[in-house]
Amino acid sequence: MKSYQKLTTAVPQPVVCRVEEEGATPAPTGHGKLAPWWVGSGLLVAAVLLSTVTVWVLRQVSGGWPGPMLPPKCLLVPESHRFDCYPERRVVVTQELCENRGCCFIESPPPAAGKQGVPWCFYPPDFPSYTLESLNQTALGMVGLLVRTEKAYYPHDIMKLRLDVKFETDTRLHIKITDAANPRFEVPLEVPQVMKRAENPIYSLDFSRDPFGVLLRRRATGTVLLNTTVAPLIFADQFLQISTSLPSSFLYGLGEHRSTLLHSLDWNTLTLWARDVSPTESFNLYGAHPFYLLMEHGGDAHGVFLLNSNAMEVALQPAPALTWRTIGGVLDFYIFLGPDPNMVIQQYQQVIGFPAMPPLWALGFHLCRWGYGSSNETWQTVRAMRNYEIPQDAQWNDIDYMDGYRDFTFDPQKFASLPSLVEDLHKHGQRYVMILDPGISSTSPNGSYWPFDEALRRGLFLNTTQGQPLIGQVWPGFTAFADFSNPDTHQWWLENLQHFHAHVPFDGLWIDMNEPSNFMDGSEDGCPQGELDNPPYTPAVLGESLFAKTVCASAKQKASVHYNLHNLYGLMEAKATASALIQIRGQRPFVISRSTFPSQGRYSGHWLGDNRSQWKDMYYSIPGLLSFSLFSIPLVGADICGFSGSTSEELCTRWMQLGAFYPFARNHNTQNEKAQDPTMFSPVARTAMKNVLLTRYSLLPFLYTLFHRAHLQGDTVARPLFFEFPQDVATLGLDRQFLWGRSLLVTPVLEPGVDSVTGYVPRGVWYDFYTGSSVNSSGEMMKMSAPLDHINLHVREGTVLPTQKPGTTSKATRGNPLRLIVALSQSATAWGDLFWDDGESLDTLEQGSYSYLVFNVTQNIFTSIVLHTSSEATEVTIGTVSIFGVQEQPSKVLLNGQEKPFSYLDNQVQPHLGAPFTASVGIGLCLSCLIAV
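Residue 156 in UniProt numbering sits at position 156 of the sequence shown, and the numbers go up by one each step.
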């Protein structure tokens, strides 16, 4: 018989308690044993037991459940709280198989098509787990020893584990569980190293000794954020599993997948294993992001990041609860306490790094297609865009430009004029971006293709278990795959790019196929029959194999085996590519990558992959880009108008309107389909597309400032509505609208054949971006007019929005004066800011080569304050100030003490400022004011 006491660690003060066993020597410091998490009262238990037994008896009578009576401990577990004990696919789970694992077996009704349903085999409350044998205080937290006395059902159980707890900041907790005796693979990600323990954490931490469990609470509310006692901890060499309860069902993140923004917890499993596949619901896609954000009841938020790069799946169930399953590495958790969702993402980025500041031209409009047959055809598209004066900053080429689809080459016949095309783009203030793949052609004659020959000589490819380059197949045919975990590969990559740049001076790079993708399964020789390629447990990956359409998991790389590094491949290539661009061009790099992993925002943006020209694909792009805002990769967008299939004029017009508000805006489609750039459509559609791009370009000062704030402090650029209105439950499931920053609400049309759209308008006053007319919402759905040439944009009250007269490139736009839109709050206040530098130089923030202005309105006085200035400030001029929401006509308007004429109409004031003036001196604008400002 055991007697336990509960120990609550109100960090950072240590609380010591003994966990004693009768007749034995007292054990080291530990914590008490808790009742099952779902047992809230005797009535609940009785009700569950009665209903379950009743159903069991009825099914026995009907012949539904043959066999002996189930143990009461199994009948006590409610369906929603059944944690899967037999998650393997392609196995018919029988009662014998289940009970051989020591688990409970109860059949449930078959799930609906495409659903997983309640597990038939689930853990009993007393399934063996680990015991917390010791727990000792450290300078930063605690260290403990976990011991398992009975083996679980996967091979190579690790019977002793080390528990490390660090109270890193008041809002961040770090919990790591690993092998107590032997080193294991850990993700080589630079994370902050704290030097002292948190002083006033907003969380409290409890432990259960037997079975071992973690209970994390928010101090202010008492909400339990994590409770890992809900199911047993399993830690074998190739199967690691831990479960937790959740305080609500409002869960987001865990990518990359095509889904709604708010995940369903109705027995939903999300798999993280980078895969080349056209975005499809329920498939694991191009990247892996083991991070979730959860909104608690009442509006608080927290986030959890599992720093692990192995194949994994996350099982969600309606309890609500969550189970992490991974097949390697360690359990390395960071928990972020917010308490609001914006702060959660900022705290996450304090661990993985803040995103890079993009060059200004990256925020312009990009145009590409797979199927430009020549450089002349590419040039014709560029000229057509110029002729119609449609904004465009960058022209791209897909693999068409290459000679035999080989990296670092261009077709000497079809693309002979490519260098001249790039020169022409540069003369017109435009940029050139080209695609690169990590698969290097291996079939060229010896000595004829330096990239392969040199990489082979230096040993820079992924190798088979026999030590030879692993050969797969991609666009050029048989290929070897560069090993970007090897620093020497970065140098080789740089040398190749330097050589090509000397002939074709590209400005940015698009790195594709970097999951890595392989047209074969594994290699030309297949994969070995070992536990790396055929592990004891394979998560629910597309293709049911780790090497389906990629390389063998057993492939050898410099840093480890591919089994551990697969999900890191895109990140490592992005890091090498960004570094090479900096060395070659000496300016901010622009890289767009298909495969991504946490921290990749420091090196690249992302596009959402090979979507289709369908209305539902346009919709799914919104939860996609918002998810990547959570993943801290703000430079993100989808292929506007769709990649595969044939678009329609209506679809492409609506998609161009939406895509104009992707942080990364690129129109791209496939070969053998009609071109879909704006010049290919009717005058009506073409004009609508042109106008919405001009609107985007007018907003570049605002968008650029948002990216500055993302780079500086981790703000999101495109964000869900619930980020700004976390206590408004109606916003928690919205993913057909989004915000730029806190201020600009975007409500696109996502359905065909309509001239209106219904969108949610959060509580407060919102102003029509185009007209300045206002609507005072109580937080409600509203029907908005939306003819084919219009997308609804609304400015939030209390905002100063910096805009600019648009040009056809970002460079041309920069030379135009600013227009400040002042959207007054109901108390006649407003605030905004502007970051301004040369748009391309490295480290302008660190070197002080920028200007930063803050705009403020209080008591009818508008001020522009220069908090920092440099030589770049001379380029900032203000031409117009438009003030929305002025309830009474001013008697006069003063600008820096000088009276100015003005117009007043529909609660809007438009001062006539005269010639544009330099903003570096600051301004004061007073309405009905007798004092010179």
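Among the clues, some could well be false.
Claimed, not checked - Keeping only pairs whose Cα atoms sit at most 30 Å apart, straight-line, the calculated DSSO-like set for lysine-lysine is: (1) K73 x K196; (2) K73 x K115; (3) K575 x K811; (4) K196 x K115; (5) K616 x K783; (6) K616 x K556; (7) K73 x K151; (8) K176 x K160; (9) K690 x K575; (10) K176 x K151; (11) K690 x K674; (12) K115 x K616; (13) K783 x K900.
Claimed, not checked - Restraint-style ranges between C-beta atoms, simulated for each label pair: (14) M195 x Y388: 26 to 36 Å; (15) S891 x M195: 39 to 49 Å; (16) G586 x E186: 28 to 38 Å.
Read the hints as simulated data drawn from the structure, not as lab findings.
A virtual CB, placed ideally from N, CA and C, is assigned to each residue, including glycine.
Against the structure, the hints:
no.: 1; hint: K73 x K196; verdict: violated, 45 Å
no.: 2; hint: K73 x K115; verdict: holds, 27 Å
no.: 3; hint: K575 x K811; verdict: holds, 27 Å
no.: 4; hint: K196 x K115; verdict: violated, 47 Å
no.: 5; hint: K616 x K783; verdict: holds, 21 Å
no.: 6; hint: K616 x K556; verdict: violated, 40 Å
no.: 7; hint: K73 x K151; verdict: holds, 21 Å
no.: 8; hint: K176 x K160; verdict: holds, 14 Å
no.: 9; hint: K690 x K575; verdict: violated, 35 Å
no.: 10; hint: K176 x K151; verdict: holds, 21 Å
no.: 11; hint: K690 x K674; verdict: holds, 19 Å
no.: 12; hint: K115 x K616; verdict: holds, 20 Å
no.: 13; hint: K783 x K900; verdict: violated, 39 Å
no.: 14; hint: M195 x Y388: 26 to 36 Å; verdict: violated, 59 Å
no.: 15; hint: S891 x M195: 39 to 49 Å; verdict: violated, 59 Å
no.: 16; hint: G586 x E186: 28 to 38 Å; verdict: holds, 35 Å
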